[in-house]
Each structure stands twice: as C-alpha cells, then as structure tokens.
Amino acid sequence: MTDASPHIVLFRDDLRLADNPALTHAAHTGAPVLALFLLEPESETRRPPGAAARWWLHGSLVSLRGDLEARGVPLALMRGSAHATLIDLVRRVGACAVSWNRRAGAPSREEDEILASALKDEGVETHHFPANMLFEPEAVRTGSGGAYRVFTPFWRAARQITPDAPLPVPQAIKGWKGAFESERLEDWGLLPTKPDWAGGIAQVWTPGESDARLRLDAFVQRTVADYGERRDFPADAATSLLSPSLRFGEISAREIWHRVRAAIAAGDAPEADAEKFLSEVGWREFCHHLLGGHRDLATRNFNPAFDRFPWARDEKALAAWQKGRTGYPIVDAGMRELWTTGWMHNRVRMIAASFLTKHLLIDWQEGERWFWDTLVDADPANNPAGWQWVTGCGADAAPYFRIFNPVLQGEKFDPEGAYVRHWVPELERLDKRWLHKPWEAPARALSEAGVRLGETYPRPVVDHGSARKRALSAYETMRSDAP
DNA sequence: TTTTGAGTTGTTCGA
DNA sequence: GTCGAACAACTCAAA
0 MTDASPHIVL FRDDLRLADN PALTHAAHTG APVLALFLLE PESETRRPPG AAARWWLHGS
60 LVSLRGDLEA RGVPLALMRG SAHATLIDLV RRVGACAVSW NRRAGAPSRE EDEILASALK
120 DEGVETHHFP ANMLFEPEAV RTGSGGAYRV FTPFWRAARQ ITPDAPLPVP QAIKGWKGAF
180 ESERLEDWGL LPTKPDWAGG IAQVWTPGES DARLRLDAFV QRTVADYGER RDFPADAATS
240 LLSPSLRFGE ISAREIWHRV RAAIAAGDAP EADAEKFLSE VGWREFCHHL LGGHRDLATR
300 NFNPAFDRFP WARDEKALAA WQKGRTGYPI VDAGMRELWT TGWMHNRVRM IAASFLTKHL
360 LIDWQEGERW FWDTLVDADP ANNPAGWQWV TGCGADAAPY FRIFNPVLQG EKFDPEGAYV
420 RHWVPELERL DKRWLHKPWE APARALSEAG VRLGETYPRP VVDHGSARKR ALSAYETMRS
480 DAP
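Numbering (numbering that gives the first Met the number 0), first residue to last: 0 to 482.
Derived by calculation from the structure, the hints in this document are not laboratory data. Do not take every clue at face value.
[Said to hold, decoys possible] Only pairs whose alpha carbons sit at most 35 Å apart, straight line, appear in this in silico DSBU-like list of lysine-lysine:
hint: 1; residue 1: K315; residue 2: K119
hint: 2; residue 1: K431; residue 2: K322
hint: 3; residue 1: K275; residue 2: K468
hint: 4; residue 1: K275; residue 2: K411
hint: 5; residue 1: K322; residue 2: K436
hint: 6; residue 1: K436; residue 2: K411
hint: 7; residue 1: K322; residue 2: K411
hint: 8; residue 1: K315; residue 2: K173
hint: 9; residue 1: K411; residue 2: K468
hint: 10; residue 1: K315; residue 2: K176
hint: 11; residue 1: K119; residue 2: K275
hint: 12; residue 1: K468; residue 2: K431
hint: 13; residue 1: K315; residue 2: K193
hint: 14; residue 1: K322; residue 2: K468
Just need the whole structure built from these sequences, with the hints factored in.
Right, here's the structure in full:
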C-alpha cells in the first residue's frame, strides 16, 4: 500500500475545477483524489457527441488534465459503461469513495441511482451533487406541481430562487500517488484525421476552463453593456461565446449568473442588457427542464399535430443547405460559419433553421442532426428544443406563420454586409444594396463585383414568395387533417 | 371550476 | 415611407 485508499472524482459534463462540488467534497475529506473521465458508449439514453463536439471534448480534457496535474491530482481516462468500468477501477485501486456531480436530465438521474447502489454493494461511499444547472428540475414547478411548458412563467418562477453561490477551486487537493491504468487520450480518436477539418475551429476556439473564464471576463467587462441591442448582429462580437463551455461544464451556470448579477449590483453592467443575457441562460434551464420530461425531444414532435406534417424529401436541397449553397447569402454565410468554426451566431441559427423547415419543407430532425454533428456547443437539450421552437412544433414555439424572410433578416441584422462578405467571399465586392438579394442585382452591378450567378454563386434554390406560400399551405394541410 | 391574460427573436398588406 | 392590423386560434398558468 503506497497510500491511503483514494477518493475517485468522476468528471462528466463538468470539466472544471471551480464550482465543482464533487471535487470540493473529495478534497475536504482529506483522502487522496483520483480523477476519472469516462467515455461512455452510445446507449438508448446517451447520445454520442457529434464530430465537432468530440474535437472540443479532446481539448477540454487536455486542459482539465493539465489543471489537475498542476495540483498533483492524476486523471484516469477510461472507456466503457459507467457501471462496469467504475466498479472495475474501484476494485483495482481499492477506492474508499466515489463522488460526482449530477447531470441534467431524467435518464442520467436514474442511471446515477443505479450506479450509486452498485457502488454501495461494493462497500464504497458515493456522494453526488447538483452542479450543472442553476436549479434542480423539481425546484421550478407550476402551482399545481407540474412542469412548465411556457418560458416566461417558468423564468418568472425561477427568478424567485437565488442559485447557490459558486464554490472556489479547492485550496489544497491531495493527489493520489498510487498506480492506475489509464487509456491514452490520443487513442480515443476524438480529433479528426483524414481529413483534418478542424483547422478553422482551432483558429477560433480554445477549449478548457481557463479560456472559458477569459470569455466570461471579457463579456462581463465589455460586451454585456450593449448586449440587448447588439446581440442580434452577427458581424459584431456581441455575444458571450460561452455556449460550448456551458455544454461541457468548463464553467458553471451558477458562476456566470453570480458574475453577471454582481456586475449589475456594482453598476458595471446595465441591468436590462445583463438581464436579457441571463434570460438566455434561463432558456438553457428551460430546455433542460423540457428534456427532463421528454427524453425523446430530439426525435419526437413536442406537438403531436406535427406528426402529420407533410415534409418533403429533397436530398439536393438538403445538401445545398448543409454546404451553404442555397443562394440566400445570410443562410449560406451562417452554414459556412458553422462548417468552418463549429459555431453559428444565434440569430443566423434561427434564419438558417427556419429556411430548412419552411422554405425547403425539410423535417427539422434533419437539421437538428446536422447541427448535432457540426456544432461544438451541440447540447442534448438546447439543440432539439431550439429546432422544435423554430419549426413551430415545440414548447412555447414560434407561431407557424412566422416565416423568416432571409432577405429582410439579412438587411436588418447585417446591414453593411460585413458578415456575409466574410463568409461568402464570392459576393465580397457586391454593393450592400444587392448583397442580400444578388438575383435582383442589375447585370452591371454583378459583373463589376465579379459575380456570375449560377457559376460563382448559386441562384436561389427556391423563390421566397412561393416557398412561403407552400409552407403556409403545408401547415394548413396539417391542421385540416386533424383527426 | 371557470375565467382571464398572455405568449423570445416576424412578415405582409393595405391605408 | 410609415403605421397598425392580420396572420389563427390555442394552450398554458394563475387567480
């Protein structure tokens, strides 16, 4: 025996040291800590991360390992089901206890209960803590004890509760010195190889807790002041860029919440802007709240009337959308930003999603799967809930007749065209008057800008006016076919 | 139980 | 060019 028996801290969607109750608890017990990250296989309840999210996970694990090792705490990497792998490790190292932070969502909670009871049978203590959401799901309930289905009353009720204050990084953590087996991160194949398409993502993003905190600092100190007004303009760096870090728990929602509230209280951030931002964090809560009651949120229409919706099957149009070749510049810019950087501005996500489901009449699940694979922040709750919201089949969804006009949206939110010019460089020299509708540009304007429609940049795959009418009549079909 | 007010992010049309 | 209404009714949440 080289050391006392270790306390294992299981890391999952909480790849951070600050505000990590499981780690803090283990540190306070005084037992030596062995950190463990488990890469779990796909299961009925666990959706494997998409390609872009795997890239992020790799970087975040490198960062977490560095942060832990700097404090003398080793990180074991293992693959397999939590149950078998963890019990195996517990036996090998003679662990005395296992701690973890709960994950959001009903399936995870039940799995945790099963895990805890299996570990108890091994004679190992377990401790689990709320950590990844502002509120536990049962804390926000309607007057009759049900789950909210409308955001505004949900958030109004949630606002009555103050989230727990975030914990600091534990001052001293005793690292375990014993031997253990660990897989090599490189062997997990989380990074793309042939081809390595992640170059553009790496240019924009640095995964890990310390960079997440830098982004939060910058946002609270500068960006939040104009958030209410500027957040809708994709060419402005006016959003927090925290979504992938929240997805992987590199920073906690509670830390974000308290930092923003402190900035309001200190007069450093305008309350309206800051509260607008917090309500976006509230939407994350709401989406997880929905997923808790609807595990199949990604595969089933929240509103069952949409089971009758006459979706079109159009592989060519789907491919044009995915590649950013629809002929609508704001949509194409967004889809290319996504493909290149693993992220898309929220306003443009709505426009692109509306275009797929309404203009192309393609099932939202196709789009949801594409986003799942390409977004570094793809989240099991936010992604499907957002798609269902745009489509009109979700909880508290946009009304069906709200069909974004990609030209008007482009002109309104990218008036100078900086966003489109950046991501659709073949239109770079086109006058802003035509930038969002190049098919209406006079031949001379096009030729002076070096644009040849149908050659250098596609003609629109559908006409807005007729696509809009088609979508409205599809909705009409759905409603009149009611049983 | 019944009633009432309200509901993230828009667009189009016609005065 | 600007403005307000219509879009279509429905469900939720709370009193």
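Outcome of the hint check:
1. K315 <-> K119: 54 Å, violated
2. K431 <-> K322: With Cα atoms ~23 Å apart, K431 and K322 stay inside 35 Å; holds.
3. K275 <-> K468: Holds. K275 to K468 sits at ~34 Å (cutoff 35 Å).
4. K275 <-> K411: Since the Cα atoms of K275 and K411 sit roughly 20 Å apart, the hinted pair holds (cutoff 35 Å).
5. K322 <-> K436: 19 Å, holds
6. K436 <-> K411: 13 Å, holds
7. K322 <-> K411: Holds. K322 to K411 sits at ~24 Å (cutoff 35 Å).
8. K315 <-> K173: 57 Å, violated
9. K411 <-> K468: 22 Å, holds
10. K315 <-> K176: 57 Å, violated
11. K119 <-> K275: 44 Å, violated
12. K468 <-> K431: Satisfied, since the Cα-Cα distance of roughly 27 Å is no more than 35 Å.
13. K315 <-> K193: 25 Å, holds
14. K322 <-> K468: 25 Å, holds
Against the hints set out earlier in the document, violations occur for numbers 1, 8, 10, 11.
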